[in-house]
Amino acid sequence: MEKGDYDTIMGKKLERKKIETDVLIIGGGTAGCYAALTISRKSNLRVWIAEKANIKRSGCLAAGVNAINAYITKGRKPEDYVDYATKDAAGIVRHDLLLTAAEHFNETTADMERLGLVILKDENGDYVARGNRNIKINGENFKPILAKAVAEAKNVTIQNQVNITDLLVDENRVYGAVGFSVKENVCYEIHARAVLVATGGAAGLYKPNNPGFSRHKMWYPPFNTGAGYAMGIKSGAEMTSFEMRFIALRCKDTIAPTGTIAQGVSAKQVNARGFVYEDKYGLTTSERVYGTVRENQLGNGPCYLKTTSIKKEQDEELLKAYLNMAPSQTLKWIESGKNPSEQDVEIEGTEPYIVGGHTASGYWVNTKRETTIHMLYAAGDVAGGCPQKYVTGALAEGELAADDIVEKLTRDADTEIEKTIAAKLQNDVETIFASYEKILNTNGETKNLYAMEELEEAMQKVMDEYAGGISTNYQFNEKQLALAEEKIEKLTVLANEVTAENMHELLFAYELKERLIVCKSLIAHLKARKETRWHSFNENLDYPDTDENYYKYVNSKLENGEIKIIFRDIVKGAEYEHQN
Amino acid sequence: MSIRINQNKCIGCKRCCDSCPGTLIDIQNNKACMLYPKDCWGCASCVKECPVGAIDFFLGADIGGNGSTMHVEGKGDILNWQITKPDGETKIITINRKDSNKY
Numbered sequence: 053m054e055k056g057d058y059d060t061i062m063g064k065k066l067e068r069k070k071i072e073t074d075v076l077i078i079g080g081g082t083a084g085c086y087a088a089l090t091i092s093r094k095s096n097l098r099v100w101i102a103e104k105a106n107i108k109r110s111g112c113l114a115a116g117v118n119a120i121n122a123y124i125t126k127g128r129k130p131e132d133y134v135d136y137a138t139k140d141a142a143g144i145v146r147h148d149l150l151l152t153a154a155e156h157f158n159e160t161t162a163d164m165e166r167l168g169l170v171i172l173k174d175e176n177g178d179y180v181a182r183g184n185r186n187i188k189i190n191g192e193n194f195k196p197i198l199a200k201a202v203a204e205a206k207n208v209t210i211q212n213q214v215n216i217t218d219l220l221v222d223e224n225r226v227y228g229a230v231g232f233s234v235k236e237n238v239c240y241e242i243h244a245r246a247v248l249v250a251t252g253g254a255a256g257l258y259k260p261n262n263p264g265f266s267r268h269k270m271w272y273p274p275f276n277t278g279a280g281y282a283m284g285i286k287s288g289a290e291m292t293s294f295e296m297r298f299i300a301l302r303c304k305d306t307i308a309p310t311g312t313i314a315q316g317v318s319a320k321q322v323n324a325r326g327f328v329y330e331d332k333y334g335l336t337t338s339e340r341v342y343g344t345v346r347e348n349q350l351g352n353g354p355c356y357l358k359t360t361s362i363k364k365e366q367d368e369e370l371l372k373a374y375l376n377m378a379p380s381q382t383l384k385w386i387e388s389g390k391n392p393s394e395q396d397v398e399i400e401g402t403e404p405y406i407v408g409g410h411t412a413s414g415y416w417v418n419t420k421r422e423t424t425i426h427m428l429y430a431a432g433d434v435a436g437g438c439p440q441k442y443v444t445g446a447l448a449e450g451e452l453a454a455d456d457i458v459e460k461l462t463r464d465a466d467t468e469i470e471k472t473i474a475a476k477l478q479n480d481v482e483t484i485f486a487s488y489e490k491i492l493n494t495n496g497e498t499k500n501l502y503a504m505e506e507l508e509e510a511m512q513k514v515m516d517e518y519a520g521g522i523s524t525n526y527q528f529n530e531k532q533l534a535l536a537e538e539k540i541e542k543l544t545v546l547a548n549e550v551t552a553e554n555m556h557e558l559l560f561a562y563e564l565k566e567r568l569i570v571c572k573s574l575i576a577h578l579k580a581r582k583e584t585r586w587h588s589f590n591e592n593l594d595y596p597d598t599d600e601n602y603y604k605y606v607n608s609k610l611e612n613g614e615i616k617i618i619f620r621d622i623v624k625g626a627e628y629e630h631q632n
Numbered sequence: 002m003s004i005r006i007n008q009n010k011c012i013g014c015k016r017c018c019d020s021c022p023g024t025l026i027d028i029q030n031n032k033a034c035m036l037y038p039k040d041c042w043g044c045a046s047c048v049k050e051c052p053v054g055a056i057d058f059f060l061g062a063d064i065g066g067n068g069s070t071m072h073v074e075g076k077g078d079i080l081n082w083q084i085t086k087p088d089g090e091t092k093i094i095t096i097n098r099k100d101s102n103k104y
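Line by line, the protein sequences are chains Z and L.
53 is the number of the first residue of the first sequence in our numbering; add one for each residue after it.
2 is the number of the first residue of the second sequence in our numbering; add one for each residue after it.
Careful, some of the hints might be misleading.
To list a few chain L residues with every Cβ distance to chain Z over 12 Å, as calculated [what the hints assert, rightly or not]:
#1 Lys10
#2 Cys11
#3 Ser46
#4 Asn67
#5 Gly68
#6 Ser101
Derived pair list, reagent style SDA-like, types lysine to any residue, alpha-carbon separation capped at 20 Å [said to hold, decoys possible]:
#7 Z/Lys358 <-> Z/Glu398
#8 Z/Lys286 <-> Z/Asp480
#9 Z/Lys460 <-> Z/Glu627
#10 L/Lys103 <-> Z/Glu505
#11 L/Lys103 <-> Z/Lys604
#12 Z/Lys390 <-> L/Lys15
#13 Z/Lys490 <-> Z/Asn548
#14 L/Lys39 <-> Z/Glu505
#15 Z/Lys173 <-> L/Asn97
#16 Z/Lys65 <-> Z/Asn479
#17 Z/Lys616 <-> Z/Glu627
#18 L/Lys86 <-> Z/Lys65
#19 L/Lys92 <-> L/Gly65
#20 Z/Lys513 <-> L/Lys39
#21 L/Lys103 <-> Z/Glu506
#22 L/Lys103 <-> Z/Thr402
#23 L/Lys103 <-> Z/Asp178
#24 Z/Lys235 <-> L/Gly68
#25 L/Lys86 <-> Z/Glu387
#26 L/Lys39 <-> Z/Phe265
#27 L/Lys103 <-> Z/Ile171
#28 L/Lys39 <-> Z/Thr402
#29 Z/Lys420 <-> Z/Asn158
#30 Z/Lys70 <-> Z/Lys364
#31 L/Lys39 <-> Z/Gly264
#32 L/Lys99 <-> Z/Glu398
#33 L/Lys39 <-> Z/Lys460
#34 Z/Lys364 <-> L/Ile94
#35 Z/Lys364 <-> L/Thr95
#36 Z/Lys372 <-> L/Asp27
#37 L/Lys99 <-> Z/Lys513
#38 Z/Lys372 <-> L/Lys86
#39 Z/Lys304 <-> L/Glu90
#40 Z/Lys363 <-> Z/Gly311
These are computed hints drawn from the structure, not numbers from a lab.
Here the structure is a predicted model, which means the values were calculated and not measured.
Beta carbons are placed, not taken as given, at the ideal position from N, Cα and C, and that holds for glycine.
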């Protein structure tokens with residue numbers, strides 16, 4: 053077939069490409085890149101990174117990062133970090149995961165410094181701490197530094213602009229994955245001995261703060277659509293704590309981070325009457341959001357971070373710090389004609405997200421980051437049980453998963469990749485490729501009644517109104533959740549009929565489907581935790597108090613098309629292995 | 002959308018295409034083109050990567066935009082952010098990538 057035949061896809065077949073590798077890494081963000089680097093340094097295994105954008109700046113760190121937010125500062129130990137994160141999440145964490153991540157925070161940071169990351173040091177050459185767990189950096193080019201090291205690593209193939217949709221799983225073991233190019237009319241079948249899911253969490257489930265022109269001016273990357281969760285759910289992997297949603301407290305409109313102001317220049321949260329309200333509601337991550345919501349409800353809004361108490365000389369440095377991670381906030385100050393020392397910064401909560409780097413949502417993994425599917429690993433935002441891991445935690449988890457993969461694959465006498473996969477899987481591959489082609493083969497006349505964008509907005513409206521979005525102050529009740537479930541189910545049926553005119557639109561179609569799968573799981577989790585353990589993050593008005601009977605993990609698994617909820621006891625030991 | 006590509010300045014080098022975390026920019030007729038304006042995250046990766054300062058960053062009117070734009074003219078580790086207000090007044094903020102954030 054001539055290349056020109058692919059100019060228009062309608063009625064055509066996609067070109068098939070088959071890849072064989074030792075390790076497939078899905079998602080070239082922070083965790084995926086660091087895993088690739090680790091495998092390359094410690095073995096001769098071949099690594100293939102599938103990245104839907106370009107690893108240079110893809111993932112959460114596109115704009116940059118303002119600080120290393122998870123670091124064991126002088127005089128502290130990893131156990132202190134575990135205690136902090138445990139308290140912040142009201143106990144619903146995995147100690148083994150937090151501890152192993154925390155033990156790697158400093159070593160991975162030192163490695164990034166060797167690769168070129170700029171970290172602020174004092175006259176003795178020690179890193180300068182910001183608060184108890186943070187250090188100051190120039191994180192504008194964190195991702196390009198990491199991506200460059202990966203590009204230079206041996207035995208690593210980077211395949212940009214390839215979107216993975218499904219894992220190839222047979223008898224609870226992974227054999228590879230399938231996906232398609234976002235630009236060319238090509239679909240991929242990748243066979244691998246081990247697979248690491250290192251995609252992001254899920255943004256865009258709920259109606260955002262700025263639903264109009266600036267709809268994507270959100271906290272988390274709008275391109276992180278929950279693909280990694282969705283492919284795991286579809287394959288029967290166990291997930292944990294989706295009900296521990298994450299809501300960020302941000303600068304209003306620009307949705308820029310507040311930590312640089314709150315911790316960097318010690319600005320307090322005040323209401324419109326100038327009252328410092330943060331002490332009234334508590335200082336955990338969810339309490340800071342809840343306090344702001346409550347003050348608004350009580351008629352004391354808007355709420356602010358009090359920057360008018362800073363010195364004029366600090367203005368310029370704040371403008372610079374924001375240019376390194378959220379330039380829109382710098383521009384906002386300039387547009388308003390007032391510097392931070394001249395006006396307080398208005399704050400608001402974002403729409404809820406599912407993100408394992410901040411709260412505990414994600415794959416249920418063992419201590420070595422292997423999921424409940426054999427040889428399938430998860431690291432970074434997609435891995436659960438280890439909240440507040442942030443960037444260094446993503447690096448740590450990438451390394452931990454890589455270490456176990458290297459150990460297993462080099463120990464394994466059978467170094468040959470299985471050239472042939474089970475007939476059932478071969479069938480799966482063909483079925484998935486056919487579904488890509490079905491979405492693309494519109495024949496120009498059978499265009500679906502509803503455009504993808506409309507269905508996405510409909511989904512966000514349902515989640516906003518019935519599953520605790522911004523418009524209901526993040527609260528919900530049982531009746532609302534039942535309605536959310538019903539409506540998401542209907543939208544899922546409609547989403548099966550969407551059509552795409554090119555490969556990029558095919559990506560949009562899958563992103564919509566992925567989000568709907570995550571919404572369905574999320575609602576099931578919200579329904580299962582019949583208590584309010586975290587204000588705002590999971591605030592069920594039918595069960596407004598904490599119930600110690602729910603001092604448990606809420607896990608889930610797709611079985612015969614239905615989401616099965618599994619309650620698991622809190623893991624306290626230093627090591628956890630999957631048992632059933 | 003929060004970027005605008007100046008077609009007269011663009012040299013079609015493709016660096017913005019490779020730096021967009023959403024693959025939203027492509028080359029058409031040898032010039033960079035924003036394919037899906039409403040999908041822009043506003044991360045400004047492309048603004049910083051552009052070697053000729055051809056990409057303007059701005060705020061939507063719904064989030065406080067008032068007509069100012071900014072672009073980067075960089076050399077090595079030095080990024081000169083040039084902000085242009087609607088009345089033509091300009092301000093330059095220089096970032097050295099070798100300097101850490103103070104806060």
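For a quick check of understanding: which of the numbered hints are violated here, in increasing order? Of the numbered hints, 3, 4, 5, 6, 10, 11, 12, 17, 18, 21, 22, 24, 30, 32, 33, 36, 37 and 39 do not hold.
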